[in-house]
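S.K.: One-letter residues, chain by chain:
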Amino acid sequence: MIDVYAYGTGNGFRACIAMAECELEHNVHKVDLAKGDNTTPEFLKMNPLGSIPVIVDHDGPDGKSLSISQSASIVLYAAEKSGRFLPSSGEARTLALQWLMFNASDIAGTNNAIFMATMRAPEKVPAVIEFFEERLYGLFGDVDERLDEVEYLAGDISVADLALYPFVALRKSLLEGREPLTNLLRWVDVMAGRPGVAKGMAAFS
Amino acid sequence: MIELYACNTSNGQRGAVMLAEAGLAFNTHILNLKAGEHKTPEFRKINPVGAVPVIIDPDGPDGKPLTLAQTGAICLYVAEKTGQFLPQNMRTRFIAFQYFMQAMSDVVLYSGAYAFSLMRFPEPNVASTKVFKDPLLEHMGYFDQRLADVEFLAGEISIADIALYPAVNQRWGLIEELGGLSNLNRWRKMMAARPGITRGMQAVA
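As you go down the protein sequences, you meet chains A and Y in turn. Each residue of the first sequence is one higher than the one before, counting from 1 in our numbering. Each residue of the second sequence is one higher than the one before, counting from 206 in our numbering.
So that you can see chain A by itself, here it is in the shape it has in the complex (with noise of 0.2 Å):
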């Protein structure tokens, strides 16, 4: 039994995604980082970070209970452990790795610069604002490039594509009133169609 500390941003969306895919059996807590709950001497305990999501694999490696932060971290766990969403060689699981990094460094990265300039900034600078408003709307365009050749961003089906659906979820709106990204929109659509993602974005509802 897997816990899952989380919450609905993107970064939490990602490991209840990938736990409900990987069908590996799982508890998800809420965490309300509205509500300071990432700030309780428990939760630091857990993470000295306070960030989401968290897991706790009771049966970890050695039989051993194990607790790991960082989303995609969690999703590449999820995907070793049940051997899943994941080639174990070979050119397709260097594919599905590079984009995994592609949307944990560029697209994550650019999705909470917007965040922390939006709702953190104490002054909301709307050229920095913007700024990575389009920076993440390039790098959607980049994804939709790369969707034109293929169905899954490593070909199949992969880890890379479970790290990336909810940011696009999130950030829909972005995607209005411009050119279509019409290839990012089939894959939007073929993604939220999978029972596990569905349950995944369901995990706070």
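Accuracy of the hints is not assured; some may be wrong.
Across the chosen pairs, the derived CB separations fall in these ranges [stated by the list, open to error]:
(1) Y:Leu383 / A:Glu145: 34 to 44 Å
(2) A:Gly141 / Y:Glu381: 36 to 46 Å
(3) Y:Pro400 / A:Lys124: 13 to 23 Å
Straight-line alpha carbon distances no greater than 25 Å define the calculated PhoX-like cross-link-like pairs of lysine-lysine that follow [claimed, not checked]:
(4) Y:Lys335 / A:Lys124
(5) A:Lys35 / Y:Lys335
(6) A:Lys81 / Y:Lys286
In case anyone wonders, no lab produced these hints; they're calculated from the structure. Here the structure is a predicted model, which means the values were calculated and not measured. Quick reminder that beta carbons are idealized off the backbone N, C-alpha and C, glycines included.
Given chain A, work out where chain Y should sit, using these hints.
M.R.: Positioned in the frame of chain A, the structure of chain Y alone reads:
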């Protein structure tokens, strides 16, 4: 022989340091980003997204040549190819992934976004730099705490240390403002003294 296309940014340094630390022979091609050398049609043939670093390994997976972008993916690829910097013990390996992802997503984000706000707003803009600089330093403080207990982030040296080092080196001036991050400083000096780090940093300098 691996070809590395990079410039003297922290991501370029990560690629070079990873190759050097793994003991792989490589040729470095330095791109001048200011002159737009990463956006030329020739370079876009190598990486359609026009970002560095990129490596070309003539002896890639399945014995075929591989072109690989994304700093984090290059680190993972080189580690798996050479069987180095990824702990054998699965528990330690996932701890390494966790710190690696923290470096590749949170640290890269805040460090980059901080540099951007400074560039865009040469007049000190407390509001926008604060939301990037403070979290960056918070992460550094967290690494410092971790390094009080262990020599390297995952206990043994791993891709996590290699991914973090260029950012610590680049932002050391800022980090020093905090004073007293003595564990991080010890680690920084130990890393800097490694021949692979020296060779990698020099390759893109």
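S.K.: Could you run down the list of hints and mark each one as holding or not?
M.R.: Hint by hint, here is what the structure shows:
For leucine 383 of chain Y paired with glutamate 145 of chain A, a C-beta distance near 42 Å keeps the hint of 34 to 44 Å intact. For glycine 141 of chain A and glutamate 381 of chain Y, the hinted distance range of 36 to 46 Å is satisfied, since their beta carbons lie about 39 Å from each other. At about 47 Å, the beta-carbon gap between proline 400 of chain Y and lysine 124 of chain A misses the expected band of 13 to 23 Å. Taking the CA atoms of lysine 335 of chain Y and lysine 124 of chain A, the gap is about 12 Å. The hint holds against a cut of 25 Å.
For the hint pairing lysine 35 of chain A with lysine 335 of chain Y, the CA-to-CA distance comes to about 22 Å; that is within 25 Å, so the pair holds. A hinted pair counts as satisfied when its Cα atoms are at most 25 Å apart, and lysine 81 of chain A with lysine 286 of chain Y qualifies at roughly 21 Å.
When held up to the earlier numbered hints, the structure conflicts with hint 3 and nothing else.
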